[in-house]
Amino acid sequence: MRAGRKRNFAPYLMLIPWVIGFIIFKIYPIVISFVYSLMEYPILGDPEFIGFDNYVHIFTNDDVFASSIAATLKYVLIGTPCVLVTSFFVAYILNFKLKGVNLFRTAYYIPSILGGNVAVSILWIQLFDINGPVNMLLGIFGVNPIFWLTDESFAVITLILLKTWQFGSTMLIFLAALQNVSQSLYEAANLDGATKLQQLFRITLPIITPMLLFNMVNVLVKAFQEFNSAYLITKGGPNYTTYFLNVYIYDQAFMNGNYGYASALTWILLMIIGALTALVFSSSKYWVYYND
Amino acid sequence: MNRVSRFSLNAAFRYGVLIVIGVFLIYPLLWMVGSSFKENLDIFGTLAILPPKGRGTLENFKSAWQIKSDHTLPFYFGNTMKFLIPKTIFTIVSSTITAYVVARKKFVGKKFVFTAIIITLLMPELAFRIPLYLLFRDVGLLNTFAALYVQDIFAAGTCSFFIFMEIQFMRSIPRELDEASVIDGCSDLQTLIYVIVPILKPIIITVGLLCFMWGMNDFQGPLIYLRTPDKMVMSMILKQQLDGDTMVVYGKLFAASFMALLPMIAIFFAGSRYFVDGVANSGGKE
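Residue numbers (full-length UniProt numbering), protein chains in the order written: chain A, 1 to 292; chain B, 1 to 286.
None of these hints come from the bench; they were simulated from the model.
In this text, a Cβ means the ideal position worked out from N, Cα and C, and glycines have one as well.
Wrong hints could be hidden among the right ones.
To be verified - Restraint ranges, calculated between C-beta atoms of paired labels, are given here:
1) B:T57 / A:V85: 37 to 45 angstroms
2) B:I89 / A:K196: 45 to 53 angstroms
3) B:D70 / A:L213: 45 to 53 angstroms
Unchecked claim - Listed next, the stretches of chain B that the computed footprint assigns to chain A, with coverage defined by at least 3 CB atoms under 8 angstroms from CB atoms of chain A:
4) 50-59
5) 72-80
6) 95-101
7) 108-120
8) 143-154
9) 164-173
10) 252-263
Claimed, not checked - Straight-line distance between alpha carbons at most 20 angstroms, and here's what the computed SDA-like set of lysine to any residue pairs gives:
11) A:K97 / B:I19
12) B:K110 / A:I23
13) A:K222 / B:K111
14) B:K239 / B:N143
15) A:K235 / B:K239
Same shape as in the complex, but just chain A (with noise of 0.2 angstroms):
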């Protein structure tokens, strides 16, 4: 009797740790950094309550917050598909039953494992520099060395591409759904004519949906909060057309001090991954398909 009244209670001791956490580390932050957006906070001196002034300042007066909004936009908007054409194309090909599958499964899973280290943004500077090996490989085929760091047009194609290159754990998300397609489905559609290229469409995909929704979420939530490839390759530049919110927000808090100003900042940012997201998940209701 004693011990059964005592194992009622080792659950609740269990998660204690994790309940401090979730108060301290997520609810607290979360409130308070609302606290904070209506705030003027500077580095020294008290905090004053100033209302949404932060807000209104930011949408009528702040032009770097525009660039930052495109820049952001355009890396993001461009960027997913980018990494979830290319994931799904690798696992539809490394479905097949092949000799080394798992081999070249590893290796594409390199670049993603590697991709967030600053020795990967030292080495992409490098790759894209004037003389550097892309723009050798680009002139065998008679491409004019192209300014890949310092042109404006092709600054954020240049981070998307670093971006692009670490595709391997959405890779394999795609790939372990892949697996899951039972093959019967594949024979019957044989036995009726369906062409290979039907058969993708008719059934892979559809299959693959809800995989596809989770991947689409994350990527996107990830883009949004890009920092060190922006700060460290292009440093936002040239004339913003790197400088992603995420970099906006740091300069704006840890470099200028702003705290309030870059609370304000976050919750924009916030809101619009937010409605995305909604956006995405309210719309999966016409094309995800779950087989239940």
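For this one, chain A is given, so just place chain B on it according to the hints.
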């Protein structure tokens, strides 16, 4: 064309595509390794990975090793380990305990806890950065390595993802095992340690490896929380090499980058058989 030759033509085509993609993915890394053995003038203007015959040099590694006049590269690697080892251990322990309770135990508020974990999983990390910085400033955690792992003691930070991964995995473990251990007189904690953890081994290794590698890659965390030169970690010292106002020795830059990535590549190959599957299943396959 008969079936067999059409099949092998198809296979050849697919291998061709796979190899071309593989070259695009791996070439940059090989070029980095090769360039770390080159002199400055041999690095650019060529696609070659290896230095020209007779011109290879180890000088870059010597100067990258002595990366600063007062400290060698291992000093900064050591600093990285000072937060990364506690971070990985705390992450594994706190995530596993939390996942075990949520996946296996009945208690009031279970649904709330699970929903809260999913929501924190979806919340952008960015949302917490400024408040946590100010909190750490006020409690004196700035410029300490603890700022980078204190959240993991309490299963916060990036733990939500790992908790979710472990819950998914635990669903495939038969409940009869827990019940049998209860009949044998084990407490919840004993059941976790002696029954569940051994089965969880592959996923725990995955959690540990991913946590470790993400920590190695983390740049913004150290950038914000660590201030003084004696606390600098690898990612920061690499970044500093880019800022130098003297002429950049590219070979040294590559050698330092290569050495920074080496431990990760080694760990990757040691653990890839575990976590390639772990990541593949993180999409919620049941």
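Quick rundown of the hints versus the structure:
1. At roughly 42 angstroms, the beta carbons of B:T57 and A:V85 sit within the given window of 37 to 45 angstroms.
2. The supplied range of 45 to 53 angstroms is met by B:I89 and A:K196, whose beta-carbon atoms lie about 49 angstroms from each other.
3. Distance hint check for B:D70 and A:L213: the Cβ-Cβ separation is about 52 angstroms, which falls inside the suggested range of 45 to 53 angstroms.
4. Proximity of the segment 50-59 of chain B to chain A, defined as three or more residues with a beta carbon under 8 angstroms from a beta carbon of that chain, is not established by the 0 residues found.
5. Given a C-beta distance limit of less than 8 angstroms, the hint that chain A covers the segment 72-80 of chain B is violated, as 0 residues qualify and 3 are needed.
6. Proximity of the segment 95-101 of chain B to chain A, defined as three or more residues with a beta carbon under 8 angstroms from a beta carbon of that chain, is established by the 4 residues found.
7. Under the rule that three or more residues need a Cβ within less than 8 angstroms of chain A, the assignment of the segment 108-120 of chain B holds, with 3 such residues.
8. Counting residues of the segment 143-154 of chain B whose beta-carbon sits less than 8 angstroms from any beta-carbon of chain A gives 3, enough to reach three: the coverage restraint holds.
9. For a cut-off of 8 angstroms, the count of residues in the segment 164-173 of chain B with a CB near a CB of chain A stands at 0, and the three-residue condition is violated.
10. A count of 7 residues in the segment 252-263 of chain B with a Cβ less than 8 angstroms from any Cβ of chain A is obtained; the coverage claim is therefore met, three being the minimum.
11. For the given pair, A:K97 sits about 16 angstroms from B:I19 by alpha-carbon distance, which is consistent with the 20 angstroms threshold.
12. Only pairs whose Cα atoms come within 20 angstroms are accepted, and B:K110 paired with A:I23 is accepted, the gap being roughly 16 angstroms.
13. A distance of roughly 27 angstroms separates the Cα atoms of A:K222 and B:K111; the hinted pair therefore is violated under the 20 angstroms criterion.
14. For the proposed pair B:K239 and B:N143, the alpha carbon gap of about 18 angstroms is at most 20 angstroms, so the pair holds.
15. For the suggested pair A:K235 and B:K239, the alpha carbons sit about 12 angstroms apart, so the restraint of at most 20 angstroms is met.
The structure fails to meet hints 4, 5, 9 and 13 from the earlier list, while all remaining hints are met.
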